[in-house]
Amino acid sequence: MKNINSEMIELIDSYLAGRMPLKEKETFEKKLIYDSSFYTKVEEQRQIQGLIRLKARDEEINSIVADIHRNYFMKNNRVVFKKNFNKISTIAASIAFVLIGVGLFETTTSDLSAIADGLRPYEARSLRSSGVVSTLEEEMNAIYLENDFRESINFFKENKSLSDNPKALFLVGNSYLELGDNTRAIDSFEKAIYINKRNASTAFLDKSEWYLAHAYLKENEIEKAKKLFKKIKSDPQHFYYDKVSTYMMLQLKLLSARD
Amino acid sequence: MKKKKIHLSDLQVVKAIQSGDKLDESIWYLYDRYYEELELFLFKNGGTKQDAEDVFQEGITRFIKVVLSGKFRFEATIKTYLFTAWVNHWGYLNKKRGKDKERDENYYYGNLQSSKTVLKDIEESEREELTLKFFDNIGDKCKDVLYAFYYQGLSYKEMISRFPGYSDEQVLRNKKHACIKKLKSLVKENNKAKNWLKKLLLKTV
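Chains U and C are the protein sequences, given in the same order.
Just remember that my numbering sits 3 ahead of the position in the first sequence, which is counted from 1.
Just remember that my numbering sits 46 ahead of the position in the second sequence, which is counted from 1.
Everything labelled a hint here was simulated from the structure, so no lab data went into it.
Since the structure is predicted, the reported quantities are computational estimates derived from the model, not experimental observations.
You can take every hint at face value.
Computed cross-link-like contacts, DSS-like style, restricted to lysine-lysine with a CA-CA straight-line distance of at most 25 Å:
id : chain 1 : residue 1 : chain 2 : residue 2
1  : C       : Lys90     : U       : Lys230
2  : C       : Lys240    : U       : Lys44
3  : U       : Lys44     : C       : Lys189
4  : U       : Lys234    : C       : Lys90
5  : C       : Lys187    : C       : Lys221
6  : U       : Lys28     : C       : Lys203
7  : U       : Lys210    : C       : Lys90
8  : C       : Lys90     : U       : Lys227
9  : U       : Lys34     : C       : Lys230
10 : U       : Lys200    : C       : Lys90
11 : U       : Lys170    : C       : Lys95
12 : C       : Lys90     : U       : Lys163
13 : U       : Lys210    : C       : Lys95
14 : C       : Lys227    : U       : Lys34
15 : C       : Lys125    : C       : Lys166
16 : C       : Lys90     : U       : Lys160
17 : C       : Lys141    : U       : Lys200
18 : C       : Lys90     : U       : Lys233
19 : U       : Lys44     : U       : Lys28
20 : C       : Lys228    : U       : Lys44
When you get a sec, could you build the whole thing from the sequences and use the hints?
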């Protein structure tokens, strides 16, 4: 690009910003038409201005997003997700609805109880007999013990360090399940399982799988539920191995075929 | 202070970004709406929490730049744009780390393969930003002066009160011209920037 002097830059800036008085503007525009080298200078300055604005805008966006990002992840400053929770219903009742409501096959109360038995809400145990809680995980457990599921979810969200804690994820998954938010329950259980897989650990793994299978059922994701129940059934060491009956598998198979 | 939950359609988000009106709220909304999904996606693909945060921030930033450049035309949903940007950036990070991890095909990636236009927009935006890096060599003082004048539209008088280091308008004017000169010489040295500048400015400025 050719160098142009300061006065020229001022003049062009004034024109490009629309600040030039009318008379001067007319002269300026005449020159633009008849003087090609002048036109080139104006065009170059226009490009430089565009470049400056583009870079400034980029930096401004980076800065805005970075600020929000920082605030978002700052402890106790995360937005609390409050979903419009569905009416609370027991998982057993939902499963009964799925099985009976669709009229796939005749099911007796005792048949259904094979599934419903495992669908009771998870009952957390008090970790400390003294009742004193010292870690975030214990604190969350204590909140869950009170059956305060919304608070349990809020607590989880407000404490960033819990987000890769399998037990916390398991508890928050159950809280969502209790409040009828099956999608988030599934996400939480899946995350608990993946973290275990990643860390080659088994913290709350069996429990997460068991409740995830039921959450899938609640979401009518029969194939996924079937696969997970099958996995549990195939592992005698699994905590819930005995809970998966052959008849339950048959029911799922029929549901799956009908689906 | 906790933010109140808001519900925004794709159109509302895009309009808010384009107009600058309620931009912060829109970005908060995108964090609320998609962060957990992205975190899960990355956990499934061997990422850490820190990875999720970094990738999320990059994706949001990229999306906003795409919208502001006028390339977001509702041919795909915001979610598709964001996940394309995230998957792309995650791939880049893995490559940088010498890893080539398998992606969870059952998750979002399969769905994203049809979004070639989206990917193109995102890659173009990344290239633009990379090309603009040369601008940083101009120095912070020049940046301050040029941004104030050309981006924020401040007058010399207003700039004097903002930058007390400049004794009068003429000193500031001289500084601005020196910075312009420096910037032009940087463009001249950088062929890639020169060509790109012409092409880009024809479209966006």
